[in-house]
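Chain order of the listed sequences is A and B. This note's numbering puts the first sequence at residues 1 to 192. This note's numbering puts the second sequence at residues 1 to 109.
It should be emphasised that the hints constitute simulated quantities derived from the structure, not laboratory data. One should not assume that every hint holds.
Claimed, not checked - Simulated crosslink set (BS3-like; lysine-lysine; CA at most 25 Å straight-line): (1) A:K135 - B:K7; (2) B:K40 - A:K188; (3) B:K20 - A:K135; (4) B:K40 - A:K123; (5) B:K7 - A:K148; (6) A:K192 - B:K7; (7) A:K86 - A:K131; (8) A:K20 - B:K40.
Remember, it's a predicted structure, so these values are computed and weren't measured experimentally.
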Amino acid sequence: MNDERELIALLKKKDREAFKTIVETWQDMVYNTALGLLQNAEDAEDTAQEVFMQVYESIDSFKEESKFSTWLYRITVSKSLDHIRKKKRKKRFAFIQSLYGKNDELLIDPPDFFHPGVSLENKESATILFKAIEKLPGKQKTAFVLNKIEGLSYNEIGEIMKLSDSAVDALLQRAKKNLQLILKNYYKLMLK
Amino acid sequence: MPDNFNKNIEDALNSIDGIKKASPNPYFFTRLEARMQKEKGIWEEISSFVARPLVAFACICLVIMVNASVIISSEKSNHDTSGQNNELATVDEYNQVSSTFYEFVNTKP
């Protein structure tokens with residue numbers, strides 16, 4: 001904890017070594033969260049870079065009222081959700097363009113996402129689950145990813161999302177119900 | 001069939017239990033630093049271009065010219081409206097207000 005404070009104090013002075021240590025300590029956490037939300041390795045790397053760039057630029061605004069990791073999670077989640085929004089907007093624009101005869105590669109659906117942390121025996125089911133996660137609303141998706149992929153407790157998720165434990169519980173219940181519904185529809189379609 | 005159906009859903013929901021954390025490709029910090037340098041370079045280029053005396057002087061001249069043209073055009077329009085006011089006053093004096101067809105038809109003797 002003292003080390004963390006020292007690092008933050010050094011980063012406020014724009015110390016390169018402190019920044020390097022911070023990046024190397026938290027890069028997996030940031031990348032894994034972004035990957036869970038974005039489901040694309042390239043986008044996750046891009047977003048993780050943007051997160052650390054913002055950390056470097058706005059470390060002075062970190063008041064140390066919450067844990068540093070909580071602050072990092074918040075930036076990661078907001079950057080990832082922003083990225084998803086931008087991508088959706090681009091897709092919509094590409095669709096409109098295609099109506100006027102222009103080809104755009106964005107229209108082609110990306111290949112199925114496979115998270116490298118999933119065991120091979122679960123590969124197929126996990127791919128289907130990730131497709132379903134993609135369809136969840138932003139808050140439910142965030143809570144589910146933080147809980148299932150990052151392994152955070154309700155309390156930690158609550159701190160990140162600024163929600164009470166019971167609100168996080170309700171959010172996760174809704175996410176699971178929606179996932180069950182999406183999966184049900186998916187398997188129904190597959191049976192036809 | 002429904003058993004199999006429910007099992008598939010359960011399997012999918014449990015498929016990420018015990019998932020391992022993913023890591024970015026090696027040399028993440030090097031790539032990050034390169035990107036930061038590149039973006040810093042772009043901003044530095046822009047700011048050094050704007051800070052050049054010739055560019056700054058040109059910007060000031062442009063602002064002065066725009067201001068002058070706005071003042072001149074507003075003065076011109078003031079002139080025009082004052083002419084219009086005189087015309088209206090004459091029309092008022094001689095009761096030459098142009099009326100609509102409706103007013104013309106409904107004029108009481």
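Margin query: Between the alpha carbons of K20 of chain B and K135 of chain A, is the straight-line distance 25 Å or under?
Written below: holds, 23 Å
Margin query: Holds or violated: K40 of chain B and K188 of chain A, Cα atoms, limit 25 Å.
Written below: Violated, at about 52 Å.
Next item on the list: With a cut-off of 25 Å on the C-alpha distance, tell me whether K7 of chain B and K148 of chain A pass.
Entry: Roughly 20 Å separates the two Cα atoms, so the pair holds.
Next item on the list: Would you mind confirming whether the straight-line C-alpha gap from K20 of chain A to K40 of chain B stays at or under 25 Å?
Entry: It holds: about 18 Å lies between the C-alpha atoms, which stays within 25 Å.
Margin query: Does K131 of chain A sit within 25 Å of K86 of chain A, going by the straight-line distance between their CA atoms?
Written below: holds, 19 Å
Check: Regarding the pair K192 of chain A and K7 of chain B, is the alpha-carbon distance no greater than 25 Å?
Finding: holds, 18 Å
Checklist line | Given pair status - K123 of chain A, K40 of chain B, alpha carbons within 25 Å | finding: Violated. K40 of chain B to K123 of chain A sits at ~41 Å, over the 25 Å cutoff.
Notebook entry, point to check: Do the alpha carbons of K135 of chain A and K7 of chain B lie within 25 Å of each other, as the hint requires?
Noted result: Satisfied, since the Cα-Cα distance of roughly 21 Å is no more than 25 Å.
Hint violations for this structure: numbers 2 and 4, all remaining hints satisfied.
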